[in-house]
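Numbering (the numbering used here), first residue to last: 21 to 148.
These aren't lab readings, by the way, just hints derived from the structure by calculation. These numbers come from a predicted model, not from an experiment. The C-beta atom is built at its ideal place from N, Cα and C for all residues, glycine as well. Take the hints with a grain of salt, since some may be wrong.
Calculated pairs, DSSO-like style, for lysine-lysine (alpha carbon to alpha carbon, straight line, at most 27 Å) [what the hints assert, rightly or not]:
1. K60 <-> K70
2. K52 <-> K65
3. K124 <-> K48
4. K67 <-> K100
5. K56 <-> K67
6. K110 <-> K124
7. K70 <-> K110
8. K117 <-> K70
9. K65 <-> K48
10. K129 <-> K56
11. K28 <-> K48
12. K28 <-> K60
13. K78 <-> K129
14. K129 <-> K52
15. K129 <-> K100
DEER-style ranges, computed between Cβ atoms [claimed, not checked]:
16. P32 <-> F83: 34 to 40 Å
17. E76 <-> L141: 18 to 24 Å
18. D98 <-> L141: 29 to 35 Å
19. T51 <-> R145: 17 to 23 Å
20. E82 <-> L49: 36 to 42 Å
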Amino acid sequence: MATNNTNKLIHPELSYVLMGILFEIHNKLGTKYQEKHYQKAVEIKLKELKIPYQREAKVNIEFDGEELGEFFIDFIIDGKIILELKRIWKITADDIKQVLRYLKATNLKLGIIVNFRHNRLESRRILN
């Protein structure tokens with residue numbers, strides 16, 4: 021049987037573990053905390069599972085070789101996945117564009133946005 025490359029997930033094992041962490045945090049903490057509390061909980065779980073990460077990863081923005089400024093990504097997981105945590109009404113097109121900018125700036129292929137505001141964890145996979 022031939023395989024179809026378009027159906028392959030990017031970083032499936034790491035994504036699966038990461039989503040498990042996020043669901044666990046959502047189940048334990050619920051919806052009442054601030055974004056920074058969810059970030060700290062993610063950091064605790066990543067350390068516990070010995071998954072390499074950068075928190076508040078600084079990325080420079082350049083134009084024609086000149087630096088325009090910088091932005092900070094919530095997490096870069098194992099140098100492969102951008103993770104942005106939100107506690108907002110809903111994930112919007114602007115949130116997706118933000119992660120697309122991060123993906124382009126870092127040259128990574130996968131970003132995940134999660135929203136902890138509601139009883140059901142909302143997530144989006146963004147591909148570069």
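**Message:** I want to verify a distance hint. Is the separation of the beta carbons of D98 and L141 within 29 to 35 Å?
**Reply:** violated (21 Å)
**Asked** Is the gap between the beta carbons of E82 and L49 within 36 to 42 Å?
**Response** With Cβ atoms ~38 Å apart, the hint holds.
**Message:** Checking one constraint from the list: CA of K129 to CA of K56, max 27 Å. Satisfied?
**Reply:** holds (25 Å)
**Item:** Pair hint outcome, K56 versus K67 [Cα-Cα no greater than 27 Å]
**Value:** Given pair K56, K67 holds - Cα atoms ~17 Å apart, limit 27 Å.
**Request:** Mind checking the hinted window 17 to 23 Å against the Cβ distance between T51 and R145?
**Result:** Since the Cβ atoms of T51 and R145 sit about 22 Å apart, the hinted range of 17 to 23 Å holds.
**Prompt:** Given the hint that K65 pairs with K48, does the C-alpha gap stay at or below 27 Å?
**Reply:** holds (12 Å)
**Prompt:** Under the criterion that the straight-line Cα-Cα distance not exceed 27 Å, is the pair K117, K70 satisfied?
**Reply:** violated (30 Å)
**Message:** Hinted pair, alpha-carbon criterion (27 Å max): K60, K70. Please report holds or violated.
**Reply:** holds (15 Å)
**Request:** For the pair we were handed, K28 and K60, check the Cα-Cα distance against 27 Å.
**Result:** violated (31 Å)
**Prompt:** Given the hint that K67 pairs with K100, does the C-alpha gap stay at or below 27 Å?
**Reply:** holds (17 Å)
**Item:** C-beta pair P32, F83: status relative to the range 34 to 40 Å that was hinted
**Value:** holds (35 Å)
**Prompt:** Is the gap between the beta carbons of E76 and L141 within 18 to 24 Å?
**Reply:** With a Cβ separation near 22 Å, E76 and L141 satisfy 18 to 24 Å, so the hint holds.
In terms of the numbered hints stated before, the structure departs from hints 3, 7, 8, 11, 12, 14, 18, listed from lowest to highest.
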